[in-house]
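Residue numbers (my numbering), protein chains in the order written: chain A, 26 to 417; chain B, 566 to 662.
Under 8 angstroms between C-beta atoms, here's a sample of chain B residues computed to sit facing chain A: (1) Val579; (2) Leu581; (3) Gly583.
Mimicking DSSO-like on lysine-lysine, the simulated pairs with C-alpha atoms at most 27 angstroms apart in a straight line are: (4) B/Lys572 x A/Lys232; (5) B/Lys652 x B/Lys622; (6) B/Lys590 x A/Lys232.
No lab work stands behind these hints, which were simulated from the structure alone. By construction, the Cβ of each residue, glycine as well, lies at the ideal position given by its N, Cα and C atoms.
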Amino acid sequence: MAKVVAVTGNEACANALRQINPDVCGIYPITPQTDMMQKFASFIADGKVDTESILVESEHSSMSACIGAAAAGGRVVTATSSQGLALMWEMLHIASGDRLPIVMPVVNRALSAPLNIHGDHSDAMGARDTGWIQIWSENAQESYDNTIQAFRIGEHMDIRLPVMVCLDGFIISHSIERMEYLEDQEVKDFVGPFKNFLPLLDLDKPKSYGPLILTDLYHEYKRAQHEIMTKVKDVVLDVAKDFEKLSGRKYGLFETYRLEDADIAVVILNSAAGTTKDVIDEFRDKGIRAGLIKPRLFRPFPYTEMAEALKHTKAVCVMDRSDSFGGYGPLFMEVSSALYPLGKGPLLMNKIYGLGGRDYLPSHAAQVLTELTEIAQRGKVNVLKEYIGVRE
Amino acid sequence: MKAKGWKDLPPGSVVLEGGSAVKFKTGSWRAFRPIWIEENCIQCLFCWIYCPDMAVKVKDGKRAEFDYDYCKGCGICALECPGKKGKKAIEMVEEGK
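Full structure from sequences and hints, please.
What follows is the structure, given as C-alpha cells:
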C-alpha cells in the first residue's frame, strides 16, 4: 500500500536511501550540502539503517571515500549540490572509469561566481562528460522514484556505472509537495541485495583498481566505456517497466506531453516542465497545437528516440537552465545533434532561462510558445540563442 | 603477443591479478643511475631500508647489486649512504654517460 505524504524533495530522496539501506555513505556535512544528507544522517543516528557514514572534509574527499568503499565491494551513496559537485569533478571520472555503481542525488544549483546557490542546472551540466549516468526529475515523486530505480540501473551487471539523480534546487529540494512512498519492503525487494563485481576485499583474488594505463591502451579503455553507455537505454526501460508494475507510475527515456499532433514543441528539463505543461494546456484551448518533451535520461542521451519524437513538429524551442558561455545551452546542443541526421527537421531555437534561481513564470512559457507559433508560420527563426526573463 | 583490442579489456581497467607490478619495469624511467662502490660499503643496509622500490638486493645478509629493472634513480640511497671515511659507497651517475 502506498503511503501519501507531504514532504520536500530532499526528504523524499533521503527516505528512498533509508529504504534501500546502503552499506556506506560519504557525507560532506556543510553547505552546499542540503538537508537530504542531514535527514539521512538522522536515520543512521537513529538506527533506522545500517549504513556506515564517513564524514569528510570536502566533496572531493566524499567522492574519494565512496570510490574506495564501492571498489571494496559495498553499495555506496552520497549526495551533493552546486560547488560540491564541482569540487568532486576529478573523482567523478574515476568512479565511472573504475565502473563503480555509486548512486548520488544531485540537488541542482548554480555555480559561483557570483556566489549563488539557487536552482540552476549548471552543476550537473558541468558533470555531463564525466561518464556518469544522469537521470533528471521534475518533482519530489520523480526524485524518489528515480533514486530507487538508479540502484537497479547502475548496479545492473551489464552496466556497473555511477548514477546521478538530478532534482531542482529549492524548487523541489526544499519545497513540500504531495507524493507517495512505497512500502519499505517493496523497495528492498525491487532493488534487491547488492551483487558484488570485482571487489577489492576478496582476498583470495587480489586485484588493483586505477592502474597507470598509457598510450598503449587508454584509447581502448575509453572506447569500451562508451560501449557500456550504449547499453544503458535498454536497462533504463526494463527497470522502468518493473517499476511501473510496482508503483503504477510510468517512466521512459523522456516524457512527452501532448506531442503526438503538435506543430510546436518545447524541450525542457525538470520542474520548469510542469509550469510549461500548464501553459501548453492554455494554448491547446486556444487551438494551438503545442507539445512538450521533458528529458529524463540525459546521459546517455537518447538521440534517435528524441529525433523520432520531434520530427513531425514545425518549430522547437530547447530551454536551458544553464549556459555554455560562447556556445549554446547544453540541452540545445544535444537536441540539435539529435535532429541533424533527419536532414529536414523542425526549426530550432534556444532560450536560456531561470539562471541562479530566477523564477520561470507561466508568462515566460507563453512568450516562448507565442514566438514558436510565429516562426512555425513564417518558417524562419529570429534569434537562435536568447535569454528570457532577463532585465535589459 | 598481439596487443589487446577494446573488446578484450577487463571492466573498469581493474587488474585481475596480484603482484603484477613486477611486469612493469620502471627502471626505464631512470635519468641517474646509482653505482655501488663496494670498497666504501660498511654493510649498514641503509640503502636497502630506504629504497622505495625494493631495488637494492640483499644476499645472505650482505649488500648485493642494484636491481636496475626497478630502480627509478631517485637517489635516496646515495643521500642516505654514510660511506666509509667520508667516501660514499653509492654515487649517482647520469644515464648515457
